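Listed below are the residues making up each chain.
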Amino acid sequence: MAETVLPKLEVTPQNPLVVGAGASLIEISNLSLFYGKSRALKDVSLKIRERVVTAFIGPSGCGKSTLLRCLNRMNDLIDGVRIEGSAKIGGHDIYAPDVDVIELRKRVGMVFQKSNPFPKSIYDNVAYGLKLQGVTSKGELDTAVEQSLIGAALWDEVKDRLQSSALGLSGGQQQRLCIARAIAVKPEIILMDEPASALDPIATSRVEDLILELRKDFTIVIVTHNMQQATRISDETAFFYMGELIESGPTQKIFTMPKQKRTEDYVTGRFG
Amino acid sequence: MPQQQHQGKLTSGWMGIHRGHKARPLEWLAEKFIFLVSLSTILMVFLIFVFVAREALPIFLGKENSALIKPVIPPADIDKLKSEELRAYLNLTEKQFQKMDRETKVDLMLVKQEAQSEIPERLLNDPDAKLNTTEWGAMLKPRQWASYNKPEYIWQPIGQIHKYNIIPLFVGSLKITIIGLLFAVPLAVGAAIYISQLARPRVREVVKPVIEMLSGIPSVVVGFFALLIMATVMQKVFGYETRLNAFVAGVALSFSVIPLVFSIAEDALTSVPRSYTQGALALGASRWQTAWQIVLPAATPGVFAAVVLGFGRAIGETMIVLMVCSASVMSWSIFDSARSITTTIAAEMAEAVAGGHHYRILFMLGAILFAVTFVSNMLGELVIHRLKHKMEGKR
Ligand SMILES: Nc1ncnc2c1ncn2[C@@H]1O[C@H](COP(=O)(O)OP(=O)(O)OP(=O)(O)O)[C@@H](O)[C@H]1O
Ligand SMILES: [Mg+2]
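Chains as they are written, first to last, in our numbering: chain Z, 181 to 452; chain B, 290 to 684.
Because the hints were derived from the structure by calculation, they are not lab data.
As the structure is a prediction and not an experimental result, all values here were calculated from the model.
We put the beta carbon where it would ideally sit given N, CA and C, even for glycine.
A few of these clues could be false.
As the list claims (entries may be wrong) - Distance windows between CB atoms, simulated:
1) B:Arg313 - Z:Arg219: 47 to 53 Å
2) B:Ser575 - Z:Arg219: 29 to 35 Å
3) B:Arg313 - Z:Lys311: 52 to 58 Å
4) B:Ala319 - Z:Ser240: 39 to 45 Å
5) B:Phe338 - Z:Ser240: 57 to 63 Å
6) B:Asn666 - Z:Lys311: 31 to 37 Å
7) Z:Gln440 - B:Arg313: 52 to 58 Å
8) B:Val334 - Z:Glu337: 44 to 50 Å
9) Z:Gly216 - B:Lys677: 34 to 40 Å
10) Z:Ser218 - B:Ser665: 38 to 44 Å
11) B:Glu316 - Z:Glu337: 44 to 50 Å
12) B:Glu316 - Z:Lys318: 54 to 60 Å
This is chain B alone, in the form it adopts within the complex (with noise of 0.2 Å):
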């Protein structure tokens, strides 16, 4: 009987027969409606990417040519060239090429003639003008310059020969990042397990949110605060030369990473199971040895998570670090200024001109910086995954 009635009324909703979205259309909708929002998220993401990476594909391909001194083609040859070969010499995209008559293509050609007729005697002769700065070779090797005594990094994107090396900028991002972490993660690390477990209910109702609070502060007025007191108080004490370097932008820039590792951090380790924390006093550990030989360790894989959205924050942040420092120097000591890469691209993007190799190179930074960020997420996730797996006994 009962067969029989399943059979018959599949359609009718019997007991629940109905299936997917005709049982519980509302929650079928809602369902669809997260999911859509989920995914646009995603799309935003991979949109962004190929925004930013498009704009600089020249530049990876190495179809840029940023050599000040570059062969002139005289206007009265237009009609020797083929038009691909005009196109390429006058810069032009094939829509660009297109809608131009021959007047306004003649015109370019004079205005190109003129430009070069212009650069000044003394560089006619240097090599440094011949050069292309956007090849890989120049913008990843050092190089001796006219005026120069040794081959250096040098970041000078403005200028009549444009210096494109960019291995100062890493370094100064790598310095800056590192800095920051090295004081936000132990700090934030630390006041999360004394929040977690340490503090009495009065201190952590007081403390948690205030240090939270800190996140709320603009990067802007951060970096105003460093800028003015931090720089100077820190010079007095620790007797540096340079006001403004590296060390005191790592250590403003802590101020921004700190609420978030603390944040993350103390959320896991508070939902490690009391019945953990239990266990360990009831062998006769301290509060103490209890947080740190136990709840610390279950909670790893959360406060690694922790740390690597330090990470993230503090190669991208771009206020805090514009305001304190900004000399794109090559130096590896942290008392020397330094320039970040996110830096770099907000101060100069303004002035950039919009497809000229100057932006292209920006846009450049911005997407090996997304890169990097983006691979550095995901080999977190993995040593998180790997740790939960080991602790969970899986194999």
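So here's chain Z without its partners, still in its complex pose (with noise of 0.2 Å):
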């Protein structure tokens, strides 16, 4: 995979771009997933841009998880997964067979829905990832943590206590370290599905604030159920339904004048 070579674009939830149109990071093309026979994905094409948070939303079940899943190649762990179709990053196919998995995930980071700190400190959680890629130096290794636990609004409450567990952590303060894992390794995309919905309305409104400060330096894919957080921090919305690609376009657009009337009902609330 070579580095992108698209030119950084000033977005802002003011001055959205649409998705679809032009260059962009991600393309998805007629891409179908199959879990055994069932078909859980069915020829979704969409591009997503670099530097933008793009929501995914839908009803339970449409298939959001899955498509996410498909931009690291997670679904592989998963027996019996068949793919038709391309996912593009970067122009390069990551379902191409010279990819090397690792190497993809350590430019696609993740973060789960469910906050999963590894049971170890919460400087060796963050570190992990930047051993993992051959970093040893103590000294890299401290102002990686660092950076990553400030980047992630966490530092402040953590930093006199780096060398205790993670799990003695609050789960607000556990989500926000695993996006500090996500970020120390400065991948290029960062998906996350439903990162706030097991946090309380104050955690949620930090990992809110700390994915429109993510956007300035990373690609965000974000999953959300919650209308309002997805009209709050991102700027494109990719609206699923059983598995289809319904409509796609600017937040503001999908939320005030939906194209198609599943759209609308499903934002206002009609259905989901």
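Using the hints, build the complex out of the two chains.
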């Protein structure tokens, strides 16, 4: 996989770009995914732009998580998964036979719905990804850990207890630690699967602030069930229904004047 | 209103006001039954220990005397002794003593006298023959026996002079156990990591039951196999002198330890949450790195528990060791024969006279073994507790 050669675009929530228009970082075309015989994704085509927060919304079971996992090939771990079509990142097909999945996952980080810090110290949690990449110098690790924790808005709360176990943190802190762990390795893309669904409103708003902060440096794809959250933090939104991409575009447009009836029904809460 | 109802009908069972066994009598019964069952197992363990310790008590208290030559009191002097002295001399319990009439006592004294007079001449001036070999000093320290040219640790319970040095047995047990664990633990834990983390489901379905089936093989059979085949093959491969030695015994022993350690370690590794594995893989760890750096450390308490239980199994295993090597040689070399504590008990208990010093020493060995296993399990439990606490971030 080569570095992306795209020019960095200035994107703000007020000035969002249209998904599918112009060059983009992630290009999914005609992607279908089968779990055994059942088809979870049907001919999904979608472009995701660099340094933009893209939200996936849709009713439960419509395939949001499945599509998200396609982007770092976490679906490979599930037995009996078959994929048709292509997904390209930076112009390279990530399902091409020569792709090193491990390299791919280092460039496409992931934050899970349920926070899953390792049962290690806070420091080791954040440093683990870097150690995997062969960083051994203590100084380098120390700075990276500090930077990532600051980036994840967690530093002030944990700076005095870096060596104590991460499992002693609160749920919200654990989720921010997982975000710190993901950004420590400086991926190009961060995938987030309902990162705030298990958090209280205060912790949620901290994570949301954090996402708005992170979009300056990372391309973020986030799955959410919370419509307000989607409008607050995303620039672009894709709506899925029964494994199909129904509609995608700037978040404002999707929420205020969707083209499809089903999208309108969903975002206004008439079904879901 | 509700207040009144509450007070008035406290015993009538309104909305579960009934407490304890009145509300759910069957559950209460079942609970008490299970409690009794678990209590009785604890009681059993306790009773066994009490029994073993009681039989061994005279040794612990230094009340036995195994010296070959003891002072003789002629039967004619029976009336000069106080009854208490006579009882001690005849080595009888109070009950036995009271039941016996004078005649029998005199007979017993005669027997004693005769036994002493039958001692061969060459032993009469031997200091060994006057030694009480059940004293702690004789059991723990080396002694230069007659016709030996240096002090040695010797276990030779049968013979005119009973040599009861228990050090060779402990060394033997330790050697065999350590060799067994050195073989079993890496293999079992390695297999557990492979089966729980790396193997494809197909492979797992075949290999896991096969390894666990190993524990179903009777240890006599394993011992038989080790005695006939392994010993010969290993002697050819390593070229050592003694065919049946601690090394062969340890390796054979590992066959019975591996399934135990494997299945507990595998459980521990499998129960590490999948979310840890996913987190590591999503960071770009390989499956191997995930298993080794994330899953194994997360499962250390369980894996450690497996090792502790494996130790208990190894030190308690009797049959395999009994069949593969049995001479009690005092040597730290793993290529010399060795006799473990359990083997000694199993092999000699049948020929030891009930109530005699040999019998009591065997029980003492059993009590010590019991204590060692108990203490090692307790320590293991402590370490596991610490590990868990540290991991969960409690201080
Ligand atoms: N591991 C799996 N094996 C088989 N089927 C699966 C698997 N994971 C998901 N599916 C199926 O694929 C479909 C899409 O699931 P997915 O998890 O992507 O939905 P989702 O949009 O993320 O739902 P939610 O909002 O509830 O998380 C569902 O019908 C689900 O049952
Ligand atoms: Mg999902």
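Going through the hints against the structure:
At about 49 Å, the CB distance of Arg313 (chain B) to Arg219 (chain Z) agrees with the hint of 47 to 53 Å. Distance hint check: the CB atoms of Ser575 (chain B) and Arg219 (chain Z) are about 30 Å apart, consistent with the given range 29 to 35 Å. Evaluation of the 52 to 58 Å hint for Arg313 (chain B) and Lys311 (chain Z) yields a pass: the beta carbon distance comes to about 54 Å. Separated by about 40 Å at the C-beta atoms, Ala319 (chain B) and Ser240 (chain Z) satisfy the suggested range of 39 to 45 Å.
Checked against the hint of 57 to 63 Å, the pair Phe338 (chain B) and Ser240 (chain Z) passes, with Cβ atoms roughly 59 Å apart. Asn666 (chain B) and Lys311 (chain Z) have their C-beta atoms about 36 Å apart, which keeps the hinted 31 to 37 Å range intact. The hint said 52 to 58 Å for the Cβ distance between Gln440 (chain Z) and Arg313 (chain B), and at roughly 56 Å that hint holds. At about 49 Å, the beta-carbon gap between Val334 (chain B) and Glu337 (chain Z) stays in the expected band of 44 to 50 Å.
A hinted range of 34 to 40 Å for the beta carbons of Gly216 (chain Z) and Lys677 (chain B) is consistent with their spacing of about 38 Å. In this structure the hint that Ser218 (chain Z) and Ser665 (chain B) lie 38 to 44 Å apart at CB is violated, the actual value being about 53 Å. At roughly 45 Å, the beta carbons of Glu316 (chain B) and Glu337 (chain Z) sit within the given window of 44 to 50 Å. Checked against the hint of 54 to 60 Å, the C-beta distance between Glu316 (chain B) and Lys318 (chain Z) comes to roughly 58 Å, which is consistent with it.
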